[in-house]
Amino acid sequence: DTAVSQTPKYLVTQMGNDKSIKCEQNLGHDTMYWYKQDSKKFLKIMFSYNNKELIINETVPNRFSPKSPDKAHLNLHINSLELGDSAVYFCASSQAGLANTIYFGEGSWLTVV
Amino acid sequence: GNSVTQMEGPVTLSEEAFLTINCTYTATGYPSLFWYVQYPGEGLQLLLKATKADDKGSNKGFEATYRKETTSFHLEKGSVQVSDSAVYFCALNAGNNRKLIWGLGTSLAVNP
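Going line by line, the protein sequences match chains A and B.
Going by the numbering used here, the first residue of the first sequence is number 1, and it counts up by one from there.
Going by the numbering used here, the first residue of the second sequence is number 1, and it counts up by one from there.
To be clear, the hints were calculated from the coordinates, so they are not data collected in a lab.
Mixed in with the good hints there might be a few duds.
[As the list claims (entries may be wrong)] Label pairs and their in silico Cβ distance ranges: (1) B:Gln45 - A:Asp70: 23 to 29 Å; (2) B:Ala53 - A:Val113: 35 to 41 Å; (3) B:Thr51 - A:Val12: 38 to 44 Å; (4) A:Ile56 - B:Gly29: 27 to 33 Å; (5) B:Thr70 - A:Val12: 27 to 33 Å; (6) B:Gly1 - A:Leu54: 42 to 48 Å; (7) B:Ser14 - A:Tyr10: 41 to 47 Å; (8) B:Glu69 - A:Asn62: 23 to 29 Å; (9) A:Thr111 - B:Ala53: 25 to 31 Å; (10) B:Thr28 - A:Glu58: 26 to 32 Å.
[Unchecked claim] Below 27 Å or equal to it, Euclidean Cα-Cα: the simulated DSS-like pairs (lysine-lysine) are: (11) A:Lys71 - B:Lys60; (12) A:Lys40 - A:Lys71; (13) A:Lys44 - B:Lys52; (14) A:Lys41 - B:Lys60; (15) B:Lys52 - A:Lys40; (16) A:Lys9 - A:Lys36; (17) A:Lys41 - B:Lys99.
Even glycine gets a Cβ: it sits at the ideal position worked out from N, Cα and C.
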């Protein structure tokens, strides 16, 4: 049983298109995240939700819009895709707390052509 | 502000060699410290953690000790295997906005 699952795993799309990545966690956690990892493996947090409330919203173009319909789901919608959006996007979840572990999904490889 | 600095890679070792990946941090208060590992084609997973000074985290033969006096959390393994080839991330949580602060990652390649 996958703890944090995200779909699709691979996504190739043209510039200007709109795409969504879906994420679900079955761990009962109250906090979910979206991270972006570039080709140099640099990891950058984009958004975080706690109990469906947005608590972290880093400097991200407003073409990126997260949506959390409930505690177990956090989706990411991207409008007007650009070449620079090509990256791996990771969904993750945790229980709020200093020492708590973050559990990551397997990633969604987005390539914009 | 809070920050994590880890040694740059890539690191290339032969099987059974000793591994050290340095990690130092800057933080207010008493952060929790973590090492995460990312195997090729996968998401990150927790390798070990420590929540207070002098705590030692350990897992899969890896160890790291929370040293407040040197603000360090160096990762060590006595004898690496090819299967340890991965990217290793040091991270801290100081409680600010519930955000984990990540190092840049250190790529490790172990040759047979």
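_Range hint 23 to 29 Å (beta carbons of B:Gln45 and A:Asp70) holds or violated_ = 25 Å, holds
*Is 41 to 47 Å right for how far apart the beta carbons of B:Ser14 and A:Tyr10 are?*
34 Å, violated
*Between A:Thr111 and B:Ala53, does the C-beta distance stay in 25 to 31 Å?*
Given a distance of about 44 Å, which is not inside 25 to 31 Å, the answer is violated.
_Given the hint of 27 to 33 Å, is the C-beta distance from B:Thr70 to A:Val12 inside that range or not?_
46 Å, violated
*Is the hinted pair B:Lys52 and A:Lys40 satisfied, with a Cα-Cα distance of at most 27 Å?*
31 Å, violated
*Range hint 26 to 32 Å: satisfied by the CB atoms of B:Thr28 and A:Glu58?*
Given about 20 Å between the Cβ atoms, the range is violated.
_Just to be sure I understand the hint, the distance between the Cβ atoms of B:Thr51 and A:Val12 should be within 38 to 44 Å; is that true here?_
42 Å, holds
*For the pair we were handed, A:Lys41 and B:Lys99, check the Cα-Cα distance against 27 Å.*
Judged against 27 Å, a Cα distance of about 18 Å means the pair holds.
*Holds or violated: are the alpha carbons of A:Lys71 and B:Lys60 at most 27 Å from each other?*
32 Å, violated
*asked:* Tell me if the beta carbons of B:Glu69 and A:Asn62 are separated by a distance inside 23 to 29 Å.
replied: At 44 Å between Cβs, range violated.
_So if I understand the rule, the pair passes when the alpha-carbon distance is 27 Å or less; does A:Lys41 with B:Lys60 pass?_
23 Å, holds
*Does the structure keep A:Lys40 and A:Lys71 at a Cα separation of 27 Å or less?*
Measuring from Cα to Cα gives roughly 31 Å; hence the hint is violated.
The earlier numbered hints that this structure contradicts are 2, 4, 5, 6, 7, 8, 9, 10, 11, 12 and 15.
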